[in-house]
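Novice: Here is how the chains run, residue by residue.
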Amino acid sequence: MIEWTGLSPDEARQFLANKDKSKRDKRMSLKEAVQKFVKDGDNVGIAGFVNARQPVAIVHEIIRQGRKDLTLSFQSAGLAPEYLAGAMALDESKNSIKRMEFAYFAHEAFGISPLLRYLAENNKVELEDWSNYNMSARFKAASIGLPFIPCRSPLGSDMLQTNRAKVIECPFTGRPIMLLPASHPNVALVHVQEADIYGNCRIQGPLFTCPEIAMASAHTIVTCDRLIEHDDMTRYPNRVSIPFFSVDAVIEVPYGAYPGNSNGLYYFDEKHTAEFRGACEKLRKGDPAPLQDYYDTYIFGVENTTEFINKLPLSQIQYIQKIEPGIRLDAGYTVLG
Amino acid sequence: MANYSEDFTPQEMIVVAGSRTLIDNKVVFAGTGLPMVAITLAQLTHGPGIVPVFEAGAVGPELSRGLPLSVGGSRTTYKANYLLGLNSAFELTQRGFCDFGFIGGAEIDPYGNLNSTMMGKFPENYQKPKTRLPGSGGASDMACSCERTIIIMVHEPRRFAEKINYITSPGYLDGSPNARWRAGLVGQGPYRVITTKALMGFDDETKRMKLIATMPGETVNSVQEATGFKLIIPDDVYEFEPPTVEEVRLIREVIDPQGYFVRKKIKE
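Chain order of the listed sequences is C and P. With the numbering used here applied, the first sequence closes on residue 345, and no number is skipped along the way. With the numbering used here applied, the second sequence closes on residue 338, and no number is skipped along the way.
Source of the hints: derived by calculation from the structure; they are not laboratory data. There may be inaccurate statements among the hints.
[Claimed, not checked] Think about it this way: if two alpha-carbon atoms lie no more than 27 Å apart in a straight line, the pair counts; the simulated DSSO-like pairs of lysine-lysine are:
#1 C/Lys31 with C/Lys47
#2 C/Lys102 with C/Lys319
#3 P/Lys233 with C/Lys174
#4 P/Lys198 with C/Lys76
#5 C/Lys102 with C/Lys47
#6 C/Lys279 with C/Lys330
#7 C/Lys290 with C/Lys132
#8 P/Lys149 with C/Lys106
#9 C/Lys293 with P/Lys200
#10 C/Lys106 with P/Lys198
#11 C/Lys76 with C/Lys47
#12 C/Lys290 with C/Lys330
#13 C/Lys279 with C/Lys290
#14 P/Lys200 with C/Lys290
#15 C/Lys76 with C/Lys106
#16 C/Lys39 with C/Lys27
#17 C/Lys76 with C/Lys44
#18 P/Lys198 with P/Lys233
#19 P/Lys198 with C/Lys174
#20 C/Lys132 with P/Lys191
#21 P/Lys149 with C/Lys330
#22 C/Lys39 with C/Lys76
#23 C/Lys132 with P/Lys149
#24 C/Lys106 with C/Lys293
#25 C/Lys290 with C/Lys106
#26 C/Lys44 with C/Lys27
#27 P/Lys198 with C/Lys290
#28 C/Lys293 with P/Lys149
#29 C/Lys44 with C/Lys106
#30 C/Lys76 with C/Lys293
#31 P/Lys233 with C/Lys106
#32 C/Lys106 with C/Lys39
#33 P/Lys200 with C/Lys132
#34 C/Lys174 with P/Lys191
#35 C/Lys102 with C/Lys39
#36 C/Lys293 with P/Lys198
#37 C/Lys29 with C/Lys47
#38 P/Lys198 with C/Lys102
#39 C/Lys293 with C/Lys330
Only a predicted model underlies this, so the values are computations on that prediction, with no experimental measurement involved.
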């Protein structure tokens with residue numbers, strides 16, 4: 009028997025069976041959503057992929073409220089864990105990560121993660137290494153109600169010594185096969201382009217593993233770049249990627265994934281990402297002042313994402329909208345007024 | 071007679087070698103960085119039918135909206151032929167739909183095993199490594215389950231080690247007969263290793279790395295000196311054809327004009 013770091017499959021089943029599945033208005037403030045659904049010690053599922061559609065607005069609110077001893081579960085992520093790690097590095101008594109179950113923590117073209125190095129090399133978090141497919145498959149197992157899922161990779165790697173996968177002889181072929189334990193986070197943090205007030209979500213571009221994470225978690229907080237009419241959502245039912253009953257809170261947060269990419273709406277802000285990452289790197293090298301200044305300005309010094317965005321040059325925001333190459337979905341939606 | 075360029079950087083040489091290694095109409099699962107540049111170059115030259123796959127979900131897009139900064143970025147999705155998410159992308163590799171995986175790493179051993187997880191003693195210092203690297207991402211899944219793997223690496227002795235700190239992405243494991251099959255892997259393993267100094271492959275029998283060609287300006291000796299283990303040196307090692315003027319132009323003017331990946335200084 010392994011130790012389940014979020015909900016065990018049986019606990020998750022029980023929880024979801026008892027969940028209120030009514031189609032009700034789930035709008036609330038981000039402050040209220042984080043207060044209600046993110047607790048100290050939780051296993052937090054981080055949706056998005058590297059710096060695309062990262063739940064940055066939700067993470068900033070978690071940092072403002074302070075949460076301790078979190079377990080972070082994700083495949084590949086950059087901005088969300090970096091912001092949480094930065095908050096921990098600045099004041100461990102208020103924000104802290106206890107454990108990470110993940111495949112990759114860095115920023116691709118923008119560079120490696122200074123704070124993964126800081127946390128790991130100072131032995132400040134428990135690490136459990138998986139591959140991207142492993143984490144995706146673990147969320148998938150949970151989302152289809154199974155305690156484990158077989159997977160062929162990465163057999164033969166050293167990851168098998170660092171994680172809780174088991175290798176068995178396949179009962180049908182006789183060859184070795186890996187079994188991955190399901191991952192049921194206590195709460196999933198998801199940013200999408202469009203949602204309705206009940207929590208139905210429409211994702212533009214790659215889905216990453218957002219639907220599986222939402223379905224696997226006990227609670228799901230969704231921020232969306234725009235809230236749209238329910239009738240517009242259900243006009244294209246096969247484009248609903250996350251169904252309303254797996255969502256607990258819906259918050260319209262334009263630029264909720266900024267400075268990351270939200271397909272069809274805004275591209276990466278390379279300038280701001282470099283500014284943030286640069287401050288993280290300085291902390292790793294022993295100077296916390298620039299990062300403290302960054303947090304005081306953009307996270308603690310503001311109430312919400314609108315105020316954060318208002319601190320940035322308008323031309324910078326216009327530019328990332330202008331260069332976004334995604335093809336906008338012509339779904340004839342009405343933005344909810 | 072090809073019109074060879076006399077002005078190219080080592081990074082451009084790697085990209086050109088990567089591009090020329092790719093075969094038209096094959097499905098290529100692409101890691102982030104130089105592989106994306108090489109695939110785009112191949113699409114613009116000899117391989118218009120190459121089908122790129124990005125682990126975040128995009129299958130068979132056109133990479134004509136600018137070089138993606140991320141395998142999950144919106145520039146990977148333009149005119150994609152299939153677009154779901156990570157599970158569906160990786161399921162393609164496991165099922166046998168991906169001919170090549172195109173990846174890199176921080177360290178490699180003679181059997182093509184790659185490390186992108188940590189430097190330091192393993193397993194003792196896993197929770198407090200000397201240097202923590204980003205982790206596997208999807209590279210390990212590509213190395214395990216794509217039919218063949220093409221590896222792009224910086225060539226220096228400490229990165230080419232007889233024994234690496236941690237095996238993140240399996241190659242031929244310990245090199246023993248059928249090691250991959252016995253471990254439960256599908257896919258045949260590493261095909262080529264492309265560096266600033268050489269093009270390499272693997273010996274059919276011993277599965278150890280062997281030199282195929284030296285890059286312009288390099289010799290068999292200079293390649294061996296930059297390698298921390300003994301390479302197999304066959305009699306028919308040749309000098310790799312330099313980049314053409316057109317290949318260099320495409321890289322600089324069309325594919326990566328901002329120099330996100332190609333201008334990046336490689337530490338030698």
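Novice: Can you confirm whether the C-alpha distance between C/Lys279 and C/Lys330 stays at or below 27 Å?
Specialist: Since the Cα atoms of C/Lys279 and C/Lys330 sit roughly 15 Å apart, the hinted pair holds (cutoff 27 Å).
Novice: Between P/Lys198 and C/Lys76, is the straight-line Cα distance small enough, at 27 Å or below?
Specialist: Judged against 27 Å, a Cα distance of about 21 Å means the pair holds.
Novice: Is it true that the CA of C/Lys132 sits at most 27 Å from the CA of P/Lys191?
Specialist: 18 Å, holds
Novice: Compare the distance between the alpha carbons of C/Lys279 and C/Lys290 with 27 Å, and conclude whether the hinted pair is satisfied.
Specialist: 17 Å, holds
Novice: Please work out if C/Lys39 and C/Lys27 have their alpha carbons no farther apart than 27 Å.
Specialist: Holds, because 22 Å separates the two Cα atoms, which is no more than 27 Å.
Novice: For the pair we were handed, C/Lys293 and P/Lys149, check the Cα-Cα distance against 27 Å.
Specialist: Judged against 27 Å, a Cα distance of about 43 Å means the pair is violated.
Novice: With the threshold set at 27 Å, check whether the alpha-carbon distance from P/Lys200 to C/Lys132 stays at or below it.
Specialist: 14 Å, holds
Novice: Can the restraint linking C/Lys76 and C/Lys47 be considered satisfied, given a maximum Cα separation of 27 Å?
Specialist: 8 Å, holds
Novice: Quick one, are C/Lys174 and P/Lys191 close enough, alpha carbons at most 27 Å?
Specialist: 23 Å, holds
Novice: Does C/Lys174 lie within 27 Å of P/Lys198 when you go C-alpha to C-alpha?
Specialist: Within the cut-off at roughly 24 Å; holds.
Novice: Take a quick look at whether C/Lys293 and C/Lys330 sit within 27 Å of each other, Cα to Cα.
Specialist: 36 Å, violated
Novice: Under the criterion that the straight-line Cα-Cα distance not exceed 27 Å, is the pair C/Lys44, C/Lys27 satisfied?
Specialist: With a Cα-Cα distance of about 15 Å, the restraint between C/Lys44 and C/Lys27 holds, given a limit of 27 Å.
In this structure, the earlier hints numbered 8, 12, 23, 28, 31 and 39 are contradicted, and the remaining ones agree with it.
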